[in-house]
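**Student:** Taken in sequence, the protein lines are chains X and E.
The numbering used here puts the first residue of the first sequence at 1, with every later residue one more than the last.
The numbering used here puts the first residue of the second sequence at 1, with every later residue one more than the last.
No wet-lab data here; the hints were simulated from the structure.
It cannot be assumed that every hint is accurate.
[What the hints assert, rightly or not] Here are the simulated lysine to aspartate or glutamate pairs, DMTMM-like style, with alpha carbons at most 20 Å apart:
| # | chain 1 | residue 1 | chain 2 | residue 2 |
| --- | --- | --- | --- | --- |
| 1 | E | 144 | E | 266 |
| 2 | E | 316 | E | 328 |
| 3 | E | 479 | E | 440 |
| 4 | X | 59 | E | 298 |
| 5 | E | 186 | E | 266 |
| 6 | E | 361 | E | 345 |
| 7 | X | 97 | E | 95 |
| 8 | X | 59 | E | 445 |
| 9 | X | 59 | E | 289 |
| 10 | E | 144 | X | 89 |
| 11 | E | 186 | E | 173 |
| 12 | E | 468 | E | 496 |
| 13 | E | 316 | E | 359 |
| 14 | E | 458 | E | 445 |
| 15 | X | 10 | E | 283 |
| 16 | E | 186 | E | 311 |
| 17 | E | 186 | E | 209 |
| 18 | E | 216 | E | 266 |
| 19 | E | 484 | E | 428 |
| 20 | X | 10 | X | 30 |
| 21 | X | 97 | E | 148 |
| 22 | X | 18 | E | 283 |
| 23 | E | 479 | E | 428 |
| 24 | E | 144 | X | 30 |
| 25 | X | 59 | E | 300 |
| 26 | E | 89 | E | 261 |
| 27 | X | 59 | E | 296 |
| 28 | E | 361 | E | 406 |
So the chains spell out like this:
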Amino acid sequence: MSVTREQVAKIASLARIKVDEGDLDHFVPEFNAILGFVEQLSEVDTSSVEPMTAVIEQKLRLRDDVIDADPLTGGGKQAEVLANAPVAEHGFFGVPKVIE
Amino acid sequence: MSNYRIEGATGTWEVVIGLEVHAQVTSNAKLFSGASTQFGAEPNSQVSLVDAAMPGMLPVPNRECIRQAVRTGMAIEAQINAWSRFDRKNYFYADLPQGYQISQLYHPLVGEGQLTIEADEKAGIPEDKVIRIERIHVEQDAGKLMHDQHPTMSYVDLNRTGVALMEIVSRPDMTSPAEAGAYIRKLRAILRYVGSCDGNMEEGSMRADVNVSVRKVGDTELGTRTETKNVNSVRFVMQAIEHEVRRQIDVLEDGGQIVQETRLFDPNTGTTRSMRSKEDAHDYRYFPDPDLLPLELDQDFLDECRASLPELPDAKRARYTGELGLTDYNARELTAEVETFARFETLLAETAKALGKPEAKVATPVANWSLSVAPGVIKALGDEGDMANATPARQAAILKMQDAGEISGGQAKEIFEIVLKTGREPDEIAETDGLKQVSDTGAIEEAIAAIMAANEDKVADYRGGKDKLFGFFVGQTMKAMQGKANPAVVNQLLKDKLG
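Okay, chain X solo, but in the shape it has when bound (with noise of 0.2 Å):
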């Protein structure tokens, strides 16, 4: 498997991840040599091994349905949430007007 120059220029776009048209060139063989790695792995037979989701043996821990019960990944943050915003009116965050 191998990717043409136009497919990398696709996942850059929809990565919003800008690349020159120069630099496209060494991605090409870069990605090449990643998916041909990757290739060369999906020789080993596998069939019988579990995937592994961890490296050390845990499980999904759950949370409780209670609101705010960590103040660190509660609400009520609205001044820390919008500290970042390029725009913040009225409590919102104001973006490009996008309508489709």
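The hints should help you fit chain E onto chain X, whose structure is shown.
**Tutor:** Just chain E, lined up with the frame of chain X:
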């Protein structure tokens, strides 16, 4: 099979419909953060650093959201996947600070299930029909954009960002707008019975993506479908389908082709239009979310989910017609909404207790009272009545007097009206306001004797075989008793006297 067919210029068409319903999970906090889900708060006041996608914040799933999705799955008889996983759906939009939505593409929490929509002759659904449900997965809602507050900017409120949604995906099993409407109503009823979603379509707690295609009757291949997004009422879903069907047939009959695309419904015109999204908008590049381990549910958790399920609409309806002996119509009306059956069951228990009879013996009068008599009085009174006065105990007291023949149906209504206005007790009203039937045989016998004496000719005619005159005597007796005589007693006495 539905008999919904559209006659086109080139032949007869049929319709294939599938629905993806997004239902907001009822929970206090969001799916992956502790921020509140309360509707209508100050903009961006219920946004945690997790929801705002601040670097380094990690999502931790809310157990209650998972529990409610599992219970919903069980309520539609679905396969529950004890092992499921979250994936990232990548796209850029101003209402999605993460740049991806955490969803479940490859391993959803709930697999194949189904629900049954009921036969409705008038709507063109001749018999009960099973609609298969492909899956239910759990995902994050996005924020809200407002376009009309500023001339050059859109405003973003992230309060809804990260609230838990269930996406409930049906198979393309519906073949008419009426079936789609019935499906959404039934799904909404199940969600509300289970308590996993409040079903409030106005506030956006339930919205549907409507997939529609058309084909000539007899064709086995499916036509190309379009998807109309975010339709937020049963009526709009039906309208969107009707419009989309007409539009697709027109395009095809003019020799055109249907483009597989996303469309928007305009509630003001009842029409759909293309969203003209960029072509790569659907390249979501899903992959397993590396921030979240697989979701593994143990047997205790699943057992609790199942044990906590209430009686569901189909079972309740069957019990109402079976055990309680109600008519199909009454059972259907009473089980349609959670509030309706809750009120009915409370009053039924109260009335059975007051009368010392089993529920099955009093179910029919209580059902008639709940569905027609009481609502009639309440509606006629309007603002003059106070529903707080209509306690189950007072309503049961009225039904008890009626059951004992102490008051007539008309008097029951009058008493209920006074209860609503004043909060007085029904027994006291009946006594004080003279709203009681006379069952005292002495008074009635006296009236009957006088009437028979004044109408000797009619008595003779009746005895001579003119049975219809019986009604005349009943009328005269009731009139003489000023309408307060117990009709059953009057009938019995008249039969005895007239012979």
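**Student:** For each hint, tell me whether it holds in the structure or not.
**Tutor:** Here is what the structure says about each hint:
1. E:144 with E:266: holds, 18 Å
2. E:316 with E:328: holds, 12 Å
3. E:479 with E:440: Holds, because 16 Å separates the two Cα atoms, which is no more than 20 Å.
4. X:59 with E:298: Given pair residue 59 of chain X, residue 298 of chain E holds - Cα atoms ~11 Å apart, limit 20 Å.
5. E:186 with E:266: Between residue 186 of chain E and residue 266 of chain E the Cα gap is close to 24 Å, so the pair fails against 20 Å, i.e. violated.
6. E:361 with E:345: Answer holds: residue 361 of chain E to residue 345 of chain E is near 14 Å, not above 20 Å.
7. X:97 with E:95: Status holds; Cα separation ~12 Å.
8. X:59 with E:445: violated, 84 Å
9. X:59 with E:289: holds, 15 Å
10. E:144 with X:89: holds, 15 Å
11. E:186 with E:173: The given pair, whose Cα atoms are some 15 Å apart, holds under the 20 Å limit.
12. E:468 with E:496: holds, 16 Å
13. E:316 with E:359: holds, 14 Å
14. E:458 with E:445: holds, 18 Å
15. X:10 with E:283: holds, 10 Å
16. E:186 with E:311: OK: residue 186 of chain E and residue 311 of chain E at ~14 Å, within 20 Å.
17. E:186 with E:209: Since the Cα atoms of residue 186 of chain E and residue 209 of chain E sit roughly 17 Å apart, the hinted pair holds (cutoff 20 Å).
18. E:216 with E:266: Given that 20 Å is the threshold and the Cα spacing comes to 27 Å, the pair is violated.
19. E:484 with E:428: holds, 17 Å
20. X:10 with X:30: holds, 16 Å
21. X:97 with E:148: Roughly 10 Å between the alpha carbons, so the hint for residue 97 of chain X and residue 148 of chain E holds.
22. X:18 with E:283: holds, 18 Å
23. E:479 with E:428: The hint is violated at about 25 Å.
24. E:144 with X:30: violated, 40 Å
25. X:59 with E:300: holds, 16 Å
26. E:89 with E:261: holds, 19 Å
27. X:59 with E:296: Between residue 59 of chain X and residue 296 of chain E the Cα gap is close to 8 Å, so the pair holds against 20 Å.
28. E:361 with E:406: holds, 18 Å
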